[in-house]
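Those protein sequence lines, which keep their order, are chains A and B.
Numbering (this note's numbering) for the first sequence: 10 to 182.
Numbering (this note's numbering) for the second sequence: 23 to 106.
It should be emphasised that the hints constitute simulated quantities derived from the structure, not laboratory data.
It cannot be assumed that every hint is accurate.
Unchecked claim - Partner residues aside, some chain B positions facing chain A, computed with beta carbon under 8 Å:
#  : residue
1  : 60
2  : 67
3  : 69
4  : 72
5  : 73
6  : 74
7  : 76
8  : 78
9  : 81
10 : 82
11 : 83
12 : 87
13 : 88
14 : 92
15 : 94
Said to hold, decoys possible - Pairwise CB distance ranges (calculated):
#  : chain 1 : residue 1 : chain 2 : residue 2 : range
16 : B       : 46        : A       : 110       : 23 to 33 Å
17 : A       : 63        : B       : 79        : 45 to 55 Å
18 : A       : 171       : B       : 43        : 22 to 32 Å
Don't be surprised by glycine CBs; every beta carbon is placed ideally from N, CA and C.
One letter stands for each residue in the lines below.
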Amino acid sequence: MTTLTATAPVVATPVPMTPPGLTTAAMMNVREGERVHVTAMTETDVLPVVEMPDGLPGFPDLHSFVLVPLEESGLIQELRSLEDDAVRFVVVPSVVFYPDYAPEIDDVTADKLGLSEDADTDPLVLLVVTVGDTLAESTVNLLAPVVINSSTRVAAQVVLDDTSLALRAPLSL
Amino acid sequence: MLVLSRRIGESVVVGTDVVVTILEVRGDIVRVGIEAPRDVPVHRKEVFEAIEAANRDAASPEADAVAALTAALVAHKRAEPPTV
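In isolation and in its complexed conformation, chain B is listed as follows (with noise of 0.2 Å):
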């Protein structure tokens, strides 16, 4: 891992379209800003990290736990029609 140095203000640049400023350090917090193409999606590490494990289990469920929840949605709304 490469790491440096930066004052409140400072910035990196990763590859040629991509830039890191460090916006403002406050105890034990970073603000940084980042300028980046739009195909260069940017997210907070630990809430992607979060969505892909939701992803994972939320894939291909078995077809019968599909078909009973498909089952168990129906009869809920004859039972209760939606109101909207």
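Chain A on its own, in the form it takes in the complex (with noise of 0.2 Å):
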């Protein structure tokens, strides 16, 4: 459990806090500039905001996410629109699921992403789950991993090129 966050940086990083004057049903997805206020599992945590210039494909206009964990130990998050409340997407780090997977991710990308060239920056990726009845009938978007920038947040769909890779890939452990 521990050796997982040194692997995968979890950007949804909950930093416990209760404004006073707000109830928990009010802080739903209320936002301050960089962080926004979510009931996470069964707090309220202070999240930051991931920004996706690019929208996601099949919801050009979400830019802004949140990242938040379902259980304690990042393997399972969900990305939740802050302009839609209707909208989230469950999404896994594809380290834990599919350790050997590199994707590579084209100049142009990076480049949006800051991902470029800076080593310091380890940008965490994260599968799209389409969620199942049952654990073995979930699958994940290989072909199209999300891509977040850990230190500034910023975040795109990469639509990769190769592609060999899944759309529907088994969520196997």
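Take the two lone chains and join them into the complex the hints point to.
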């Protein structure tokens, strides 16, 4: 459990905080600049905003998200839109489920995300999950990972050139 | 749809800053080079549409299904801790 965070820096580092005068319900997705108050699991946390300048394919108009942990170790998270409450994506860190997965990101995208030639910037690579009725029926998208610059929180769903990568690969541990 | 005939090495300009160049024609495969500003994403259409469809399928799953999946993953992980 501890080694997970070393290889997969979890962007959503919860900072427990309860501003006075706000109830939990009122704090759902209350944005304050680069951070947002969200109800994560049972607590209200202050989480960083993830900006996706290009949106996601199919959702081009949604640009601001928050990465909300669904359990303590960062094994499974939810990317929630701050602009449309109804839009959420379940995501998992690729390093846990596909440790050998090493997507090649084109230069333009790497530049956009500020990842070029900056060895200090370790991107977080998340796979979008299509949740099925069971674990075995749930799949992840290897063709278009969500890549987050963990320093700037700028992200993109990168359409990879390698079209042999599966759009619906098994979510297996 | 505007239809133009082009030879290898010739280009088409779209707007003021997108240039599409025909690089090679071999049988029914045409290789094109596309120069576009970085804020203009360029994708193979069928790939992009497949990802759009996958995203729509993946978006906003039922809360119960998410809870069940989370529980299954946590249980799986307890049974088999990652060796990383």
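inquiry  = Please list, smallest to largest, the hint numbers that this structure does not respect.
reply    = Going through the list in order, the structure violates hints 2, 17 and respects the others.
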